[in-house]
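Each chain, letter by letter, is given below.
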Amino acid sequence: MERIGVFLCWCGANIASTVDVHQVVEWLRDVNGVAHAENYMYMCSDPGQELIKKAIREKNLTNVVVASCSPRMHEKTFRKAASLEGMNPYMVEIANVREQCSWVHQGDKDAATRKAFNIIMSTISKAKANNPLETIRVPITRRALVVGGGVAGMTAALELAEAGYYTALVERDDTLGGKMRRLSRTFPYHEDASAVIAPKIEELKANDNIKLYLRSDVTEVSGYVGNFQVTIETRPTEGEDGAPEVVTEEVGGIVLATGYDLYPVAAMSEYGGGKVPDVIDGLEFEELLKESLATGAPVKRPSDGKEVESVVFIQCSGSRDPEHHKPYCSRVCCLYTNKQATLLTQQNPGAKALISYMDIRTDCKLTEEYCQGNIEEKGLVYIRGRVSRLYREGDAVRVWTADTLTGEKLEIDADLVVLAMAIEPSVGAEQISKMFRAAVDTNGFLQESHIKLRPVESSTMGVYLAGAAQYPKDITDSVSQALATASKIQSMFASDELHQDPLVALVNPEVCAACGLCVPICPYGAREVDERARFSRVNEALCQGCGACVAICPNKACMLKNDTPMQVLNQIHTFLGKEEPAQ
Amino acid sequence: MAEPAKTNENFEPRIVAFLCHWCTYTGADLAGTTRQQYPPNVRVVHLMCSGAIDVVYVLKALMDGADGVLIGGCHPGDCHYQSGNFKARRRVSILNKVLEQFGIPRDRVWLRWISASEGRKFAETIREITATVKDMGPAEFKAEWDV
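As they're listed, the protein sequences go chains A and B. Those letters in the first sequence? Residues 2 to 584, by the working numbering. Those letters in the second sequence? Residues 1365 to 1511, by the working numbering.
Some hints here could point you the wrong way.
[Unchecked claim] In silico DMTMM-like links for lysine to aspartate or glutamate, alpha-carbon gap of 20 Å or less:
#1 A/Lys-307 to A/Glu-394
#2 B/Lys-1498 to A/Glu-192
#3 A/Lys-453 to B/Asp-1442
Worth flagging that the hints you see were computed from the coordinates, not collected in a lab.
My request is simple: use the sequences and hints to build the entire structure.
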């Protein structure tokens, strides 16, 4: 027979001014199974916790119910206190009588008092059926995997390798460096992008802890945090025959740094859909600049090699246009367009650079000064408005736009038009998301666990996100995020085992019919039917305790530990004022 | 089949709310923190995810005498467990169709998306469901048989 202790907190006046705490305790003393009931001014204070510990000790309590603030506030506090007295922490339950009772019924003491009692009774009905639980311990494989060999992936891999951990780096291309290899110079210091990335590539190749998989794709992922198995397929070098080589790596932590691609010009019918010659995207212009900077020759346009004398840059091509294209801001285009226009005036002296913009966003360090300085010194012409149309007119590209600051309609003939195309998740990001069970947002970018507090964690434990795969970002931000992922993995690797909350799913094998409905409904791949034993198993390391399998289970063989369907039904029953059903 | 109007000024409806841990339960807490006031007719059952809502829970509440049931989950796309709220949406949609066959109007069982930051919306929802159910009068389908 359980011996339940109930501890009702006044929370100063927060609860006690709305709930008659003495009346509630009096009612509780008559309740079957309640061996102890008292109230106190602040249960979370040291003397308050001491009361709980004393009662556990002296009255040999089996369960504790603390009626106080939301369990989100002090559940851990009270569980810790009980465990210090030798009670299993999962025998402690919280009745939320502050946030969900006293604070929301301030004018009605009578109703709030009865409701508080009712909430406590319902919590008692749940607590009674609780079982002692132990923390789940999972061993860790101290090896890492990084997917994507751009600046983000390389940074994460190097950081992990330097910390002493074996790291497999998978890159689908046959070279490292990602998009940075295509860039001419970086803002704001005009450093040679290739020269910045080249030493990193060498460092990486020379590091013994790094296993490099070039021309490779991840084809299969199984396992869970601390214990993933990842199958990697390497294609033969071009021109060589032979089957792809298949390797399986066992790793504990994973970084997804799969980068971005540009939204195709072909998708922009208003800008010629890629059919007007000399209308190119930002990366193609980077390559023209790169060549010019390398040879010293002026920038020439692709169609006929004519030396470029006038360029129209169109920002927000495909970005910030929720009706037709992408709703979001691609973040780096304002800055690189300003840089491209500046480098153009340097390589082609006298050339005119016109930039069509909606707003100029310079949110990175030094970039406001950089952009403003270039506008003043290089005579870059910014025209606020959206280009309505462009087409080939003789030898030039004719651009129709309007200056919305003066209200003037403009027709401009340019040698070249550069579209600062929206950044989108790289080709294949969708498969990556499915394989690694890393959720994506509405724009297809890999989604962080919490936008403020868990910005580098994916929806799957042990899988982290770095670089533009998560959202458009510049090199600085990509590197910062990559370092954060490496740090997260290192802190995981600092322990021998992972500790997880034991509030996960449980199966009664005698009732389970092995129907398998729980397998596809689980978002974490934590369920598997054991065909020999004929029942469905739970992988406790993968299970996050959402309860989807419990709801779908036709014969309730499935339950969440300490939150079983019977416990839920008992709470409902108590709420509606019926006798406790017999177990 | 419409229920007969039994509007009663003194009738206090009983409402059971199943709230997901990450969004609506936290939103209900925020309603408290910001001192939003709402009628005391609601009792909250905490679920980890709205996708864990079992039709048995809803039926149990109705048969035990609840006059209204609220299921609260994260907004589409925000589910902590990726897609639990869509599972809830499908299940509640089917349940309401079945309930209608038995003459129970769908206004008795509500599904609402309320985020952790929508304390005010939670309080408004409770006021709204309480008033609606009050207008409808007591539910008639509770299991009342003696054996």
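Practice task
Quickly compare the C-alpha distance for B/Lys-1498 and A/Glu-192 to 20 Å and report which way the hint goes.
Solution key: violated (70 Å)
Practice task
With a cut-off of 20 Å on the C-alpha distance, tell me whether A/Lys-453 and B/Asp-1442 pass.
Solution key: Roughly 14 Å between the alpha carbons, so the hint for A/Lys-453 and B/Asp-1442 holds.
Exercise for the section: Compare the distance between the alpha carbons of A/Lys-307 and A/Glu-394 with 20 Å, and conclude whether the hinted pair is satisfied. Expected result: holds (16 Å)
Checked against the numbered hints listed earlier, the structure breaks hint 2 alone; every other hint is satisfied.
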